[in-house]
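Numbering (the working numbering), first residue to last: 1 to 101.
Fair warning: there could be bad hints in the mix.
Label pairs and their computed distance ranges (CB to CB) [claimed, not checked]:
(1) LEU28 x ALA81: 38 to 44 Å
(2) SER95 x LYS31: 33 to 39 Å
(3) ILE9 x TRP37: 25 to 31 Å
(4) TYR72 x PHE29: 40 to 46 Å
(5) SER95 x ILE9: 24 to 30 Å
(6) LEU47 x GLU75: 30 to 36 Å
Since the hints were made in silico from the structure, they are not lab data. Think of the CB as a built atom: it goes at the ideal place given N, C-alpha and C, for glycine as much as any other residue.
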Amino acid sequence: MFIWLFHRISGVTLIVLIGIKIFTSFFLFTKDVKPDWALSLHRHPILDILIVVLFTFHSLYGLRTIAIDLGYRKEKQLFWAANIAATVISVVLISLYVRFS
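Please model the complete structure; the sequences and the hints are all you need to start from.
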């Protein structure tokens with residue numbers, strides 16, 4: 001039940017967060033004066049980290065759901081494998097983000 005609920009909430013949240021990134025980028029590609037609010041919101045590190053973590057968990061939970069739909073029956077094993085893999089991938093991507101930004 002947790003994965004089903006998280007998958008729905010993370011999908012909607014990703015749509016909103018990526019929509020904010022796209023919306024603010026329209027203001028940053030103009031030749032006129034760039035608004036401060038768009039620049040600060042577009043380059044906000046918490047927004048970027050949240051997108052990375054939500055995308056990682058959302059995609060691996062989706063792959064878990066596909067494996068179950070294809071007939072794999074060990075749901076607890078898939079749950080823990082998806083959580084461990086998503087945590088490791090998220091930590092690696094966040095450390096790369098922090099190092100290069």
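Cross-check of the supplied hints:
Roughly 39 Å separates the CB atoms of LEU28 and ALA81, a value that falls within the hinted 38 to 44 Å. Taking 33 to 39 Å as the suggested C-beta distance range, the pair SER95 and LYS31 conforms, at roughly 36 Å. For ILE9 and TRP37, the Cβ-Cβ distance of about 26 Å falls inside the hinted range of 25 to 31 Å, so the restraint holds. Restraint check, TYR72 to PHE29: a C-beta distance of roughly 45 Å satisfies the suggested window 40 to 46 Å.
Range check, SER95 to ILE9: about 26 Å between beta-carbon atoms, so the 24 to 30 Å window is met. In this structure, LEU47 and GLU75 meet the distance hint of 30 to 36 Å, their C-beta atoms being roughly 33 Å apart.
Of the hints listed earlier, there is not a single one the structure fails to meet.
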